[in-house]
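Trainee: These protein sequence lines map, in sequence, to chains P and D. 1 is the number of the first residue of the first sequence in this note's numbering; add one for each residue after it. 1 is the number of the first residue of the second sequence in this note's numbering; add one for each residue after it.
If you're looking for bench data, these hints aren't it; they were derived computationally from the structure. Since the model is a prediction, treat every value here as computed from it, not as a measurement. Glycine included, C-beta positions come from ideal geometry on N, C-alpha and C. Hints may be right or wrong, so weigh each one.
Unchecked claim - Rough simulated footprint, nothing fancy, chain P against chain D, three-plus residues with beta-carbon under 8 Å:
hint, region
1, 153-162
2, 168-175
3, 210-223
Claimed, not checked - Using C-beta positions, here's what the derived DEER-type ranges look like:
hint, chain 1, residue 1, chain 2, residue 2, range
4, P, 104, D, 96, 29 to 37 Å
5, P, 129, D, 269, 30 to 38 Å
6, D, 273, P, 2, 35 to 43 Å
7, P, 68, D, 269, 40 to 48 Å
The residues making up each chain are set out below.
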Amino acid sequence: MPAQLQFRDVTLGYDRHPAVHHLDGEIAPGALLAVVGPNGAGKSTLFRGIVGILKPLAGSIGLGDVHARDIAYLPQTVDIDRSFPISVFDFVGTGLWRSTGPFGAMGKSARARIAQALAAVGLNGFENRPIGTLSGGQMQRMLFARVLLQDARIIVLDEPFNAIDAKTSADLIALVRRWHFEERTVLAALHDMDLVRAHFPQTLLLARTPVAWGATAEVLTAENLLEARRMCEAFDESAPACAVDDAPSRAA
Amino acid sequence: MIYDALIAPFTEFEFMRRALAGAIALALGGAPIGVFLMLRRMSLVGDAMAHAILPGAAVGFLLSGLNLFAMTFGGLIAGFAVALLAGLVSRTTELKEDASLAAFYLMSLALGVTIVSIKGTNIDLLHVLFGNILAMDDQTLLVIAVNATITLIVLAVIWRPLVIECVDPVFLRTVSRAGAPAHLAFLALVVINLVNGFHALGTLLAVGLMILPAAIAKFWSRDITGMMCIAVASAIVSGYAGLVLSFQTKVPSGPAIILVAALLYVFSVLFGNVSGLVRQIFPGRHLEA
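Bound-form chain P, shown alone:
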């Protein structure tokens, strides 16, 4: 089976400093992959590269036959203006962008789908609430409802369970498992190792470069985690151009 996601010697970063360095590998369609690593390991950067809002400094990311705009992406620090006067229903409805576009009507079936998505995340009765009145957990449920409506074959979740209570994360994990069951490709950046061991068959341990990648039990060993922590602590403001890169001008 051809890979859903291909990393071809990809380097991603900011201002020429790599945050993900020379990543090679493939993710099969329908995979459920946890991306773990210390803060600053490049997890968010990798995701931003996958959804196309950050251009690689070198190398490339192949998406198979999926367009970058058809990936559902839940960023870590959500840049939402919570004071904006929009209802939960309308906000979640923006997840239908792929079918409605800028002008498409919100017909009966669209409204039914929005109602279903809200029910699936346990937000019935919140339809007319302004988004600014939601708690952190309710906000995350609402964002999952929008991901649900996006009906994407690749779903990228950046630390989706941070500051979320046990009940909410259990509900949302059930959604992730449902997406896996529907053979969507799901990537999630996580810090809770128990949760990763319990629900994610595959893991990528990232510390700018991949430390280990494969079956979760083999990746999350004490040695690997220690190694990852050690590798993440080097940042040199005046680092020389990367020697591995045979064409340094590409990174400039």
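Chain P is already provided as a structure; the job is to place chain D on it using the hints.
Mentor: Chain D alone, transformed into the frame defined by chain P:
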């Protein structure tokens, strides 16, 4: 008596009818734009842009006197140039939009006043700075009406991307390329409505019928559609009441309109049912759940 005060000025004098029609057109186009400016925290950006229009209108004035089309055209060009430059700068660099516009504020005002003074009289300068809604001819009225119509149509077209761009720009970037065009179209609408306001209210007050109604609406509705309606309604009321006030008291018409809007604003700050001060002081007993 009441008829004499409130309705007779408009039935008896054609210039009052024109002024009222102009004010209503300004309200229909400007107030919704003002609501978006406020929601995007760009209220003062609108003010800075109003000043950016002045040099263009002034060059038009320099070339052909108080000619409607020359001044409209000059103002549009200057406004678009600044809007595009500021938009590009804030999208491609780390400088925020307000900062990239702030420099234009004084520079444009000084430049524009200088250009008008070179050729015109103090009366011309007053006309440019404060407008004269009572002296609008058919052409000016037509320009204002056409601009308001364009505004409403374009706003309907870019509504959905614009709303998403306001509330969750990263999401819009991941699903569509519509964000940047919608943003630029919105800036263009800001310019068009400022030029509109410029003809009636002058450079210094052009944003008045955009921002004040928007600020008023914020105190009465939590929903963007409701805000739009309240903003337009309060702008129309301000226009009408301001004209009556001006007619009865000889207060200049532009400032009279803005003063009425300001009164409505103060009333809203005090008594608005969304976060109004009186509501906060006497919130009523807390609810069961």
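Trainee: Give a verdict on every hint.
Mentor: Do the hints match the structure? See the list:
Counting residues of the region 153-162 of chain D whose beta carbon lies closer than 8 Å to any beta carbon of chain P gives 4, which reaches the threshold of three, so the coverage claim holds. Coverage of the region 168-175 of chain D by chain P holds in this model, with 7 residues showing a Cβ closer than 8 Å to a Cβ of that chain against a need of three. Residue count for the region 210-223 of chain D with a Cβ under 8 Å from a Cβ of chain P: 3. That meets the three needed, and the coverage hint holds. Range check, residue 104 of chain P to residue 96 of chain D: about 33 Å between beta-carbon atoms, so the 29 to 37 Å window is met.
Roughly 25 Å separates the CB atoms of residue 129 of chain P and residue 269 of chain D, a value that falls outside the hinted 30 to 38 Å. Roughly 59 Å separates the CB atoms of residue 273 of chain D and residue 2 of chain P, a value that falls outside the hinted 35 to 43 Å. Taking the beta carbon of each, residue 68 of chain P and residue 269 of chain D are about 46 Å apart, inside 40 to 48 Å as hinted.
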